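As they're listed, the protein sequences go chains F and W.
The letter at position 261 of the first sequence is residue 261 when you use the UniProt record's numbering, and the numbering goes up by one with no holes.
The letter at position 265 of the second sequence is residue 265 when you use the UniProt record's numbering, and the numbering goes up by one with no holes.
Keep in mind the hints are simulated off the structure, nothing from the lab.
Note that this is a predicted model, so its numbers are computed, not measured.
You can take every hint at face value.
One copy or two, either will do: identical chains are not told apart, so a pair holds if it fits within one copy or between any two.
In silico BS3-like links for lysine-lysine, alpha-carbon gap of 27 Å or less:
no.: 1; residue 1: Lys-7; residue 2: Lys-27
no.: 2; residue 1: Lys-38; residue 2: Lys-128
no.: 3; residue 1: Lys-6; residue 2: Lys-29
no.: 4; residue 1: Lys-244; residue 2: Lys-153
no.: 5; residue 1: Lys-65; residue 2: Lys-208
no.: 6; residue 1: Lys-279; residue 2: Lys-104
no.: 7; residue 1: Lys-6; residue 2: Lys-128
no.: 8; residue 1: Lys-6; residue 2: Lys-23
no.: 9; residue 1: Lys-7; residue 2: Lys-23
no.: 10; residue 1: Lys-83; residue 2: Lys-104
no.: 11; residue 1: Lys-27; residue 2: Lys-208
no.: 12; residue 1: Lys-121; residue 2: Lys-29
no.: 13; residue 1: Lys-27; residue 2: Lys-6
no.: 14; residue 1: Lys-254; residue 2: Lys-279
no.: 15; residue 1: Lys-23; residue 2: Lys-65
no.: 16; residue 1: Lys-279; residue 2: Lys-250
no.: 17; residue 1: Lys-212; residue 2: Lys-65
no.: 18; residue 1: Lys-208; residue 2: Lys-254
no.: 19; residue 1: Lys-121; residue 2: Lys-148
no.: 20; residue 1: Lys-279; residue 2: Lys-181
no.: 21; residue 1: Lys-261; residue 2: Lys-250
Residues per chain are reported as follows:
2 protein chains.
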Amino acid sequence: MADFIKKVGNELWFEENDRDSLKVSYKIKDILYSAKSKYQEVQIVDSVDFGKMLLIDGVVQTTEKDGFIYNEMIAHVPLSMHKNPKKVLIIGGGDLGAAFEATKYPVERIDVVEIDEEVVKASKEYLKEVSKDLKDERVNILFEDGAKFVKNKKGEYDVIIVDSSDPIGPAEVLFGEEFYKDIYEALKEDGIMACQSESPLLYPEVFKRTYKRLKNIFPIVKVSIATVPTYPAGFWSFTIGSKKYSEINKVYDKDTLYVTKEIIESSFNLPRFIENMLK
Amino acid sequence: MADFIKKVGNELWFEENDRDSLKVSYKIKDILYSAKSKYQEVQIVDSVDFGKMLLIDGVVQTTEKDGFIYNEMIAHVPLSMHKNPKKVLIIGGGDLGAAFEATKYPVERIDVVEIDEEVVKASKEYLKEVSKDLKDERVNILFEDGAKFVKNKKGEYDVIIVDSSDPIGPAEVLFGEEFYKDIYEALKEDGIMACQSESPLLYPEVFKRTYKRLKNIFPIVKVSIATVPTYPAGFWSFTIGSKKYSEINKVYDKDTLYVTKEIIESSFNLPRFIENMLK
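Work out the full structure: start from the sequences and follow the hints.
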């Protein structure tokens, strides 16, 4: 048993250890899946409060109960801003939740480039509440290094979504300036990208750095905020880099649980302390 | 030492035990104050990630780092909706953060009715980052039972803010239908009230019940959502009962860290899953 899952009496608890000074413990009913891949440890556990959870190296990635918030935001914000999104690239996103949201748009192709096959396997088999048992012909899953994949692409994609884990381990490169430049090149001339940019409260440096890096590359940069209960400190940020579009065009929100046009527009209204961080 | 504060090796940890299936642990540097009042256990601890924290019976009430979010929301939302707020009542709110925000409005009198003198004493002495060492002549602090206090008032207040702790222990009565009726009576004919109505995600029953109860009494009821990182599950709700006003009039936001007019307006745009709860 991984050392972040403990038996206390006859109860099972998963403890997420954030930054050695903040820990969140979830009572779990069962460990549904556990594997050590080439890159990381992957688990699916069934928790009392958030249902099934995908863990990578002991950090919650998505859950049955609140995963839709993150996945809807990271997919709908850039897709709804683009006037005619046809070709979409998702880097990371192995739980397939963002890909499922992207299929709600009249797109032609969605490439999901996930480095770790184990994440997709586990999510498809044991986390159908998030992966939705996705069987859409437009979705192509490639098990490759996203940073390398995007290097050779020129003007190919309308929307690129960087659905990465935290900037430690395999995902670190996905927060680098070179990677963002490659994304810029991989986008068409009216292309748009979105990335998760961590918690402004707990990781202000990552948040500010991501904004600054995108500002150096894209003419239009916007920050969008949402609450993701199972991410530390609640507030979560998404940073958008856009070559042309700055407003919402159309939100395909017929079956959403979080986003509406108003919610996306509101998400750009930043609390003053977050706005101050970007000055 | 209270049993929710533990020594682990040579580190001090405070563990908040939410609903026996979710725990949040904060590494703390020091216990600044600890007392057992007639009603509850009151502590001020100094944490690594959220600075000083006020604990009541082992539950985080407010912190140096994120307390402004809750206090600005619960005060500015109703005060900014009222056209001419002169007389304000705050029930609970012993940390004085909401009272401090209310002093930013051109009000004449702010009555703070807090049942537990110990909370005010601890906050004034050891939590000046929240209480702001409040010395405004318009603020009158009364150590009384808020539910009883409001019973004898008829058409007296413009704005009533119910800044209670969770609906267990002394604060339970502050979530009751009778209490809300008394508040209605205590308000002037264009009066408005705001209360904290818990997390829609973790306590959907409290959230829905509060909305329903206010709907039975007030002609205008609105729900406002904010993220409070140190409250369980991030999302926090405020429910507004209003006799006349339904829109924002003026936000006194010169020195705020969270609210702006746009933030308050956005806070009424509910995520779809929360909107669905109120149907």
